[in-house]
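Protein chains: 2
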Amino acid sequence: MPKNRQDLDNSLKKQMIKDSARNIFLADGYEKTSITRISKQAGVTANTIYWYFSGKDELFAAVLEELISVFVSALSQRSETYSLEENLLWMLESFQFAKPLIITVHERSAISDAVATVHNNFHNSVESLLGKVLNESGFEAARIKPVIRIASFVVEGLLMHEVSIKEKQEIVKQLLAILSPLRDK
Amino acid sequence: MPKNRQDLDNSLKKQMIKDSARNIFLADGYEKTSITRISKQAGVTANTIYWYFSGKDELFAAVLEELISVFVSALSQRSETYSLEENLLWMLESFQFAKPLIITVHERSAISDAVATVHNNFHNSVESLLGKVLNESGFEAARIKPVIRIASFVVEGLLMHEVSIKEKQEIVKQLLAILSPLRDK
DNA sequence: CCAATCTCTTGATCGGCGCTCAAGAAGCAG
DNA sequence: CTGCTTCTTGAGCGCCGATCAAGAGATTGG
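So the sequence lines, in the order shown, correspond to chains C and Y.
All residue numbers for the first sequence refer to the working numbering, where the first residue is 1 and numbers rise by one.
All residue numbers for the second sequence refer to the working numbering, where the first residue is 1001 and numbers rise by one.
Because the hints were derived from the structure by calculation, they are not lab data.
Note that the structure is predicted; figures quoted are calculated from it, not measured.
Check before you lean on any hint, since a few could be wrong.
Claimed, not checked - Derived lysine-lysine pairs resembling DSBU-like cross-links, with alpha carbons at most 30 Å apart: (1) Y:Lys-1056 - C:Lys-56; (2) Y:Lys-1166 - C:Lys-173; (3) C:Lys-168 - Y:Lys-1168; (4) Y:Lys-1166 - C:Lys-132; (5) Y:Lys-1166 - C:Lys-145; (6) Y:Lys-1032 - C:Lys-18.
Please put together the full structure from these sequences, using the hints given.
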């Protein structure tokens, strides 16, 4: 079994491609970003990308995985020190820049298994994190799962639609009331 | 000002194109549906479609407008006789067949004004309908708007994600609790 | 009646897309 | 040196949405 020329060079170039892809995906969205454009910014030809990634969706999934990993670990740390409200607002804020990609994730998940897997993992991570918080707050156990789902859908909805700041604040307020264990009384 | 050759022929052919487009869009989704394929099923050439519609997004918006119009008037009638729960379940059920298009609507809304307009009108129609129902049920007025938005996001979320039947039922149950005026006590 | 005008349809074509293929360069192993 | 693997590339495929110029057909004003 022959060795790699340079293992470093391999993963390095792969990372460069991912970096270029991430920049252009975030700036212009999935559809308007062509493999050729990504390859030019990465300093390679389009075909090289197809050697590292089996297709555009797989490259997209790899980019998502990185973004999500950073986000989830940040949220995981925050959840220990900040309140639910603060974290909710932080999520909405820090996801704003990836707004077009959030819609794309759902679109491509229907087509690409790679994207669907990343998408599912993301939901599971965030929702299990929220589940722990709710559990510790004394939330009625049986209602935790569906209520988490509702929260998750509301957050996605807020990110996917144009909503005025005032309306957003009202929605978050209502959502927090739903997530409050006081409701049981 | 010269007359049309046949006004009837004009709107008829336009309708034929919309019908073909609707069928294929619903069967295969937006992306996989090409103008050429629609044109073949409608018995014209691709260019003819571009005479009736300024682009693929505008054709898509026209198709959506028809689907939505049928849906909204049906829901409007139902809201007078059926309960909120029944209508909610009916919405989820009757939208199932258009699931891939729901995701597409959001994706194209970011790109096409025509699709965005149709999308906004749809939200306004459904949400004002729900607003009337909540108002009549004695729901606290100040909370109606944000809660409607939440309901709307949850319905969209349920349609956009793979959710088991059991989980869906739980979520609907919690959503109905949120929409119940009894919560105020 | 005829030329002008408007409505509608079409074939040809464009640039770009995601992706594939075959060829070959560059390194390592026996 | 030979063979094998890793990586890179130019050429090209089929398809896409969209445009353009040409023209057919009906209707109109003169």
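Each hint, compared with the structure:
{"no.": "1", "hint": "Y:Lys-1056 - C:Lys-56", "result": "holds, 23 Å"}
{"no.": "2", "hint": "Y:Lys-1166 - C:Lys-173", "result": "holds, 28 Å"}
{"no.": "3", "hint": "C:Lys-168 - Y:Lys-1168", "result": "holds, 25 Å"}
{"no.": "4", "hint": "Y:Lys-1166 - C:Lys-132", "result": "holds, 22 Å"}
{"no.": "5", "hint": "Y:Lys-1166 - C:Lys-145", "result": "holds, 11 Å"}
{"no.": "6", "hint": "Y:Lys-1032 - C:Lys-18", "result": "holds, 26 Å"}
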